[in-house]
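Visitor: Here are the chains, one letter per residue:
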Amino acid sequence: MDLFSDDFTDGNALAGPLREIFAVDMTSAMGRCVSCGDEGPVAGMKVYAHAPGLVARCPSCQEVVMRLVRGPSSAWLDLRGTMSLRIPMPAE
Amino acid sequence: MRLPPGQYLTEDFPVLTAGPTLRVPTDTWEFVIITEAGEKHRWDWKQLMALPSERPTVDLHCVTKWSKLRTDWQGVSLDVLLDGVDTAADYAMVHSYGGYTTNLPYEDLRNGQAWIAYKFDGEDLTPEHGGPARLLVPHLYLWKSAKWVRGITLTDEDSPGFWESAGYHDYGDPWREQRYQGD
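Those sequence lines, one after another, are chains A and B. Going by our numbering, the first residue of the first sequence is number 7, and it counts up by one from there. Going by our numbering, the first residue of the second sequence is number 614, and it counts up by one from there.
It is worth saying that the hints were derived from the structure and are not from the lab. Predicted, not measured: the structure shown is a model, and the values here were computed from it. Just so it is clear, CB atoms sit at the ideal spot from N, CA and C, and this is done for glycine as well. One thing to keep in mind: the hints can contain errors.
[Said to hold, decoys possible] In silico SDA-like cross-links for lysine to any residue, where the CA-CA straight-line distance does not exceed 25 Å:
1. Lys678/B to His56/A
2. Lys678/B to Leu83/A
3. Lys681/B to Pro78/A
4. Lys681/B to Ala57/A
5. Lys678/B to Ile93/A
6. Lys681/B to Asp13/A
7. Lys678/B to Pro23/A
8. Lys52/A to Pro627/B
9. Lys678/B to Trp82/A
10. Lys52/A to Leu629/B
11. Lys678/B to Asp84/A
12. Lys52/A to Lys681/B
13. Lys681/B to Pro23/A
[What the hints assert, rightly or not] Here are the computed distance ranges between Cβ atoms for each label pair:
14. Asp703/B to Ser90/A: 49 to 59 Å
15. Glu26/A to Arg668/B: 14 to 24 Å
16. Gly22/A to Asp696/B: 47 to 57 Å
17. Pro638/B to Phe28/A: 34 to 44 Å
18. Lys678/B to Arg25/A: 20 to 30 Å
19. Asp699/B to Ala21/A: 45 to 55 Å
20. Glu69/A to Pro627/B: 20 to 30 Å
Using the sequences and the accompanying hints, generate a full structural model.
Guide: Given below as structure tokens:
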């Protein structure tokens, strides 16, 4: 089994949909992958948008790190593939 | 016009995928059914090809609202595969190469409702559309018709698959417009 084609965009595709949920731009947040432990910015994720929701995969190991489904009156954010998100905040 | 509520008609065949398109060689392909007792039933590609096939013409309904009518497939009915499987399971979890999963009731796999499909429009099913073989359960939204299918686990308890655990409906009947949880 190998990859045949790979039609994805980068994590900047998550900027608008995540801004609907969080009040800050999440694309500069640093996410750590549950599967391989690599850390990188949300903007660096591989995003598959031709799907029933947005599927973000780790650029290192290809495992799913985030799923975002936008329904008419709810959004579902599944982060089970993300160990942590380090979100830049203004200094206190 | 046989369109479920909220759907529009399309003539092409859009490709939706939650990850990279996979190329699964038929010489290493296998399909495994595991019962609730842990009993495994395995078919390789040659064994699948040797089974009697059917040529269903069915309508497809994607939860992203496109529908494609009268599509021509060839594949092996799940009735053929499950007839020799000793099970009293109520649910099934479908597994794909690449890690995708989707859940459905066992009875939705029986009685001429589901196939392991390997041809579309008379041609080998392309990787973009889930070849070499995909599940085809056209009475449910198309995310249930898992591409690159590799097996089915039969269970007593229902548990959500890839999209069902991220907001989509557990069952997904297009005629009742069961798109999201709570619909």
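Visitor: If a hint holds in the structure, say so; if it doesn't, say that too.
Guide: Okay, the hints, checked on the actual structure:
1. Lys678/B to His56/A: 13 Å, holds
2. Lys678/B to Leu83/A: With Cα atoms ~21 Å apart, Lys678/B and Leu83/A stay inside 25 Å; holds.
3. Lys681/B to Pro78/A: 23 Å, holds
4. Lys681/B to Ala57/A: 17 Å, holds
5. Lys678/B to Ile93/A: Between Lys678/B and Ile93/A the Cα gap is close to 35 Å, so the pair fails against 25 Å, i.e. violated.
6. Lys681/B to Asp13/A: Roughly 23 Å separates the two Cα atoms, so the pair holds.
7. Lys678/B to Pro23/A: Holds, at about 20 Å.
8. Lys52/A to Pro627/B: 21 Å, holds
9. Lys678/B to Trp82/A: Distance of about 19 Å is within 25 Å: holds.
10. Lys52/A to Leu629/B: 15 Å, holds
11. Lys678/B to Asp84/A: 23 Å, holds
12. Lys52/A to Lys681/B: Distance ~29 Å between Lys52/A and Lys681/B Cα, so the pair is violated.
13. Lys681/B to Pro23/A: 28 Å, violated
14. Asp703/B to Ser90/A: 49 to 59 Å: 37 Å, violated
15. Glu26/A to Arg668/B: 14 to 24 Å: 45 Å, violated
16. Gly22/A to Asp696/B: 47 to 57 Å: For Asp696/B against Gly22/A, whose Cβ atoms are near 50 Å apart, the range 47 to 57 Å holds.
17. Pro638/B to Phe28/A: 34 to 44 Å: Hint holds: Cβ distance 43 Å, inside 34 to 44 Å.
18. Lys678/B to Arg25/A: 20 to 30 Å: Distance hint for Lys678/B, Arg25/A holds at roughly 24 Å.
19. Asp699/B to Ala21/A: 45 to 55 Å: 52 Å, holds
20. Glu69/A to Pro627/B: 20 to 30 Å: 25 Å, holds
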